[in-house]
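Trainee: Okay, here's what each chain looks like letter by letter:
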Amino acid sequence: MSERIDVSIEHRHAPPEDGARPHPNTCPGCGSHYRDDELDAALRVCPQCGHHFPVHARERIRQLADEDSFSEEASELRSDDPLGFFDLRPYTERLAEAELTTGLGEAMVIGRAAVDDLPCELAVMEFGFMGGSMGRIVGEKFARACESAAERGVPLVSVTASGGARMQEGILSLMQLPKTVCAVEDLHDSGGTMISVMAHPTTAGVLASFASLGDVILAEPGALLSFTGPRVVQQTTREKLPDDFGRAESNYRYGHVDEIVPRPELRATVARLLRLFSNAAA
Amino acid sequence: MPPREAELRLRGQLSRLRSLPLLRGARLEGELERLQRQLEKIVAEPSDEEIWRSVELARNADRPYTLDYVERLFDDWFELHGDRAHGDDAALVVGLGRFRGRTIVLLGNQKGRDVKERTRRNFGMAYPEGYGKAMRAMELADRHGFPVISLVDIPGAYPGVTAEQHGQGGAIARSQSLMARVRVPTVACIIGEGGSGGAIATALADRVLMQENAIYTVISPEGCAAILWRDAGEAKKAAAAFKPDAMHCLELGVIDAVVPEPEGGAHSDPDEAARLLGDALGESLELFDGISGDELRRQRRVRFRTIGQLSTTA
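Chains as they are written, first to last, in my numbering: chain B, 1 to 282; chain Y, 1001 to 1314.
Keep in mind that the hints were calculated from the coordinates and are not lab data. Since the structure is predicted, the reported quantities are computational estimates derived from the model, not experimental observations. From the three backbone atoms N, C-alpha and C, an ideal C-beta is built for every residue, glycine too. Treat the hints with care, since some could be wrong.
Some but not every residue of chain B turned toward chain Y, in silico, with C-beta under 7 angstroms [claimed, not checked]:
1. L83
2. R136
3. M167
4. G170
5. I171
6. L172
7. M175
8. P178
9. L213
10. V216
Please build the complete structure, drawing on both the sequences and the hints.
Mentor: Put into structure tokens, the structure is as follows:
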């Protein structure tokens, strides 16, 4: 917890101290500042302007799943370092640090759950774990989530937040794209359903694989959903980008997502879809 | 993975193939020879310098592109144009041709030779329309039972505004999902740059080959260096760290075989390069003769489900 805990709104628009990042509880949309419990109570959506703050995987599961319904699977899986990768720091050190800061073994949490008494499988990504990047364990966990859903004949609900493939695993991280795609194909062949919820940001390798293959694709307001990020596009093309470039709203206009769902309505929306796909009488 | 393990796997493959000839006849001879050659190479781990040489050769402006191989390998080539929705992407060509006595569907990334051609082909970087066209061609192949040959040579998907607006990420995902679904034999070969999502969009095949001096990467060495080293100039270091060369890809189990190139690289003798590529493609297709479409598809998915599996998760 930082020392700066502003509970008033007088500090709105106050520029961050030199070199300091804005406090994670300060809204980048309107500058309002909140205590942790205030934000949690609001599902981490700014009560002033509706900005959607990032949600950690465990908290997302608490928001979506019925109380005590979640039972985690494959939590023991950990990445190793197939290439002996070393950039400015060794990959293994980055992994260990990510585990310490997030309390998670990898950038994805999977398990059985129920939403409004409807059983499903959840696969939720954690952006805080190395930018939600997809390496072999994330791919493996997603594939297992598909298999678990198919075995039990329940839908899979995925919530993505990822910068893309994990470069530190080299070409093996690219291979997680076809791997997760094949897993979704097997799930679909078994008659299974996949609902894809794209949170901020869902980009690159994750957007270009399983996240785009949901039977229904939902997006959170303002989420960046682009294969290439705005900075790289800007640098390559030197064009002025549209203000909402790659955002959920732009994707909706161009027909790439079915609905933009504000977080307070997400649980109910997922439940409605689960009910529709179960094809059972209400 | 230590080279020792890869060596063992190749040795295992060799011995398995040696016990197979009774089933499939003399055709396996070529396969055996190639594995033997690979085994000799893999024992000698490529150095950082050799890796960078591959990166340079893969990008050599004189390297044969898809259409150079098409004119040397296929008879009655008939190019198909357009995705039937928005336009025709010249960076990804598709068409029908005759290859060693059968009709095949070819998908291939295409770069240009001169400035005008390069611009027209967008430096080989496909738009979503290109993947749309590839999908149309794959559906056609599936309908008529034609094998699919995919030649991959793309620096990466195009980082542009309209590419995003037209749904680049979704297009790459759906192209892969179609490749996971077709019931015809599919062979992909990386013939230059196998760049990231743009490459895998057309490389989810039953058998994946790579030319000796091609590279297969999750991100360009420059992009990786810019992000992890915060300096695109460190591309050489990045390439050495993520090992995009054919021998390492083989060792990691990402590809099935390496296609040899003439001495000095494919550009030094395009005819010979085409002959070697043709042999590898032909042998690969023959491996799938007599296997049902459902079985092909099942094995294809198992292949990608288990690539790079950690021993602890197997």
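Trainee: If a hint holds in the structure, say so; if it doesn't, say that too.
Mentor: Taking the hints in turn, this is what the structure says about them:
1. Hint status for L83 of chain B relative to chain Y: holds, with the closest Cβ pair at about 6 angstroms, below 7 angstroms.
2. Of the supplied interface hints, the one on R136 of chain B holds, with its beta-carbon coming within about 6 angstroms of a beta-carbon of chain Y, less than 7 angstroms.
3. Hint status for M167 of chain B relative to chain Y: holds, with the closest Cβ pair at about 5 angstroms, below 7 angstroms.
4. At a threshold of 7 angstroms, the smallest CB-CB gap from G170 of chain B to chain Y is about 4 angstroms, leaving the interface hint in force.
5. The beta carbon of I171 of chain B is positioned within 7 angstroms of a beta carbon in chain Y (closest approach about 5 angstroms), and the interface hint is therefore held.
6. Taken as an interface hint, L172 of chain B checks out: its beta carbon lies about 4 angstroms from the nearest beta carbon of chain Y, inside 7 angstroms.
7. Given hint, M175 of chain B at the interface with chain Y, holds; its Cβ is 5 angstroms from that chain's nearest Cβ, closer than 7 angstroms.
8. The beta carbon of P178 of chain B comes within 4 angstroms of a beta carbon in chain Y, closer than 7 angstroms, and the hint placing it at the interface holds.
9. A least Cβ separation of about 6 angstroms between L213 of chain B and chain Y falls short of the 7 angstroms threshold, and the interface hint therefore holds.
10. Interface restraint check: V216 of chain B against chain Y, minimum CB-CB distance 13 angstroms, threshold 7 angstroms, status violated.
Checked against the numbered hints given earlier, the structure breaks only hint 10 and satisfies all the rest.
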